[in-house]
Amino acid sequence: QKEVEQDPGPLSVPEGAIVSLNCTYSNSAFQYFMWYRQYSRKGPELLMYTYSSGNKEDGRFTAQVDKSSKYISLFIRDSQPSDSATYLCAIQRGSNYKLTFGKGTLLTVNP
Amino acid sequence: DGGITQSPKYLFRKEGQNVTLSCEQNLNHDAMYWYRQDPGQGLRLIYYSQIVNDFQKGDIAEGYSVSREKKESFPLTVTSAQKNPTAFYLCASSIGGTNEKLFFGSGTQLSVL
Numbered sequence: 017q018k019e020v021e022q023d024p025g026p027l028s029v030p031e032g033a034i035v036s037l038n039c040t041y042s043n044s045a046f047q048y049f050m051w052y053r054q055y056s057r058k059g060p061e062l063l064m065y066t067y068s069s070g071n072k073e074d075g076r077f078t079a080q081v082d083k084s085s086k087y088i089s090l091f092i093r094d095s096q097p098s099d100s101a102t103y104l105c106a107i108q109r110g111s112n113y114k115l116t117f118g119k120g121t122l123l124t125v126n127p
Numbered sequence: 032d033g034g035i036t037q038s039p040k041y042l043f044r045k046e047g048q049n050v051t052l053s054c055e056q057n058l059n060h061d062a063m064y065w066y067r068q069d070p071g072q073g074l075r076l077i078y079y080s081q082i083v084n085d086f087q088k089g090d091i092a093e094g095y096s097v098s099r100e101k102k103e104s105f106p107l108t109v110t111s112a113q114k115n116p117t118a119f120y121l122c123a124s125s126i127g128g129t130n131e132k133l134f135f136g137s138g139t140q141l142s143v144l
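For the record, the sequence lines run as chains A and B.
According to the working numbering, the first sequence is numbered sequentially starting from 17.
According to the working numbering, the second sequence is numbered sequentially starting from 32.
Just so you know, these hints were derived from the structure itself, not from any lab.
One or more hints might be untrue.
[To be verified] Distance condition first, Cα-Cα at most 25 Å in a straight line; then the derived DMTMM-like pairs of lysine to aspartate or glutamate: (1) A:Lys114 with B:Glu46; (2) A:Lys114 with B:Glu55; (3) A:Lys86 with A:Asp74; (4) A:Lys114 with B:Asp61; (5) A:Lys86 with B:Asp85; (6) A:Lys58 with B:Asp90; (7) A:Lys18 with A:Asp74; (8) A:Lys58 with A:Asp94; (9) A:Lys114 with A:Glu31; (10) A:Lys58 with B:Asp61.
Whenever a hint applies, use it, and build me the whole structure from the sequences.
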């Protein structure tokens, strides 16, 4: 079983839709959870970072972590064409320096 | 402006050739990383360095080499032993410690001629 699973999509939505992106992980030892956004042929940029179960909100973005189900989500409200990118989840055990990345979900928001 | 600079943006390798990808950061970060990204594969860790003059292998180090002689520089050499080098290479840095928020460069696309 892979450490982290992420549906690669692609996901296509109309402008203004609510987007839900998800990852599951296999090991309850993971403590830190991140979402990165990557525009085409660019480096990823950190979007959301959390280390506890529950929700964390930043503008139109909400990161949700359910440690009991080993499930993390990123919600985008009022999606915009500028949100079109690949979204990568990343998880970390905490005591070492290695992040484990999901394969990324390609999102397209159509005007 | 602080950030990570990768060069070149595009690189072509001939058969049997070693090529070196440059990565420089002015964020004063202790830790630096090299990732490889293939379509549909996500990011895979090649090498990382937590401190000057020290580095560790990641998940796919075979065919690659690195050096960390200066805090701000972490070049990656793709050797002729790497038989499938075509990929998008990303350099990243972080402050260090257990909160691993990575800052990425803009990447180098390496292709084989």
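Here is how each hint holds up against the structure:
{"no.": "1", "hint": "A:Lys114 with B:Glu46", "result": "32 Å, violated"}
{"no.": "2", "hint": "A:Lys114 with B:Glu55", "result": "20 Å, holds"}
{"no.": "3", "hint": "A:Lys86 with A:Asp74", "result": "22 Å, holds"}
{"no.": "4", "hint": "A:Lys114 with B:Asp61", "result": "15 Å, holds"}
{"no.": "5", "hint": "A:Lys86 with B:Asp85", "result": "34 Å, violated"}
{"no.": "6", "hint": "A:Lys58 with B:Asp90", "result": "22 Å, holds"}
{"no.": "7", "hint": "A:Lys18 with A:Asp74", "result": "29 Å, violated"}
{"no.": "8", "hint": "A:Lys58 with A:Asp94", "result": "24 Å, holds"}
{"no.": "9", "hint": "A:Lys114 with A:Glu31", "result": "36 Å, violated"}
{"no.": "10", "hint": "A:Lys58 with B:Asp61", "result": "23 Å, holds"}
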